[in-house]
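Chemist: Sequence:
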Amino acid sequence: MKDLKFVWEFFGSDSEHLAKHHLNHLKEFLIKEKIIFSKIGVSKESLNFSYSFVVLDSSFLEIIKSSLKPHKAFKV
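Just so you know, the sequence shown maps onto residues 90 to 165 in my numbering.
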């Protein structure tokens with residue numbers, strides 16, 4: 090199956106802090122659900138925009154979409 094990149098966006102002067110905090114919860118969820126990821130992290134795009142992300146097999150689409158409600162998802 091194809092991989093998908095799930096993205097959660099954060100805006101404002103504390104966006105990087107929020108994205109890093111979200112990443113901690115994201116990791117906890119993935120461990121709890123025994124979901125193996127190929128890549129995970131935070132990207133700071135500007136002073137006021139950062140996002141956290143995870144790259145997973147597309148078979149996890151439904152659980153991620155229903156449980157974590159990502160803002161965006163891309164095929165990679």
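None of these hints come from the bench; they were simulated from the model.
Wrong hints could be hidden among the right ones.
Unchecked claim - What follows is a set of in silico ranges between Cβ atoms, one per label pair, in the way DEER data are often shown:
| hint | residue 1 | residue 2 | range |
| --- | --- | --- | --- |
| 1 | Asp103 | Gly130 | 31 to 41 Å |
| 2 | Lys91 | Phe118 | 18 to 28 Å |
| 3 | Ser148 | Asp103 | 11 to 21 Å |
| 4 | Lys164 | Gly130 | 10 to 20 Å |
| 5 | Lys133 | Ala162 | 15 to 25 Å |
| 6 | Asp92 | Ser155 | 12 to 22 Å |
| 7 | Ser148 | Gly101 | 12 to 22 Å |
| 8 | Phe138 | His114 | 16 to 26 Å |
| 9 | Phe118 | Asp92 | 14 to 24 Å |
| 10 | Ser155 | Ser102 | 13 to 23 Å |
Ideal Cβ placement from N, Cα and C applies to all residues, glycine included.
Chemist: Taking the hints in turn, state whether each one holds.
Modeler: Going down the list of hints, with the structure as the test:
1. Asp103 with Gly130: 31 to 41 Å: violated, 18 Å
2. Lys91 with Phe118: 18 to 28 Å: holds, 22 Å
3. Ser148 with Asp103: 11 to 21 Å: violated, 34 Å
4. Lys164 with Gly130: 10 to 20 Å: Given range 10 to 20 Å: holds, Cβ gap about 18 Å.
5. Lys133 with Ala162: 15 to 25 Å: holds, 20 Å
6. Asp92 with Ser155: 12 to 22 Å: 19 Å Cβ-Cβ, so the 12 to 22 Å window holds.
7. Ser148 with Gly101: 12 to 22 Å: With Cβ atoms ~34 Å apart, the hint is violated.
8. Phe138 with His114: 16 to 26 Å: holds, 20 Å
9. Phe118 with Asp92: 14 to 24 Å: holds, 18 Å
10. Ser155 with Ser102: 13 to 23 Å: violated, 31 Å
Of the numbered hints stated above, those contradicted by the structure are hints 1, 3, 7, 10, listed in ascending order.
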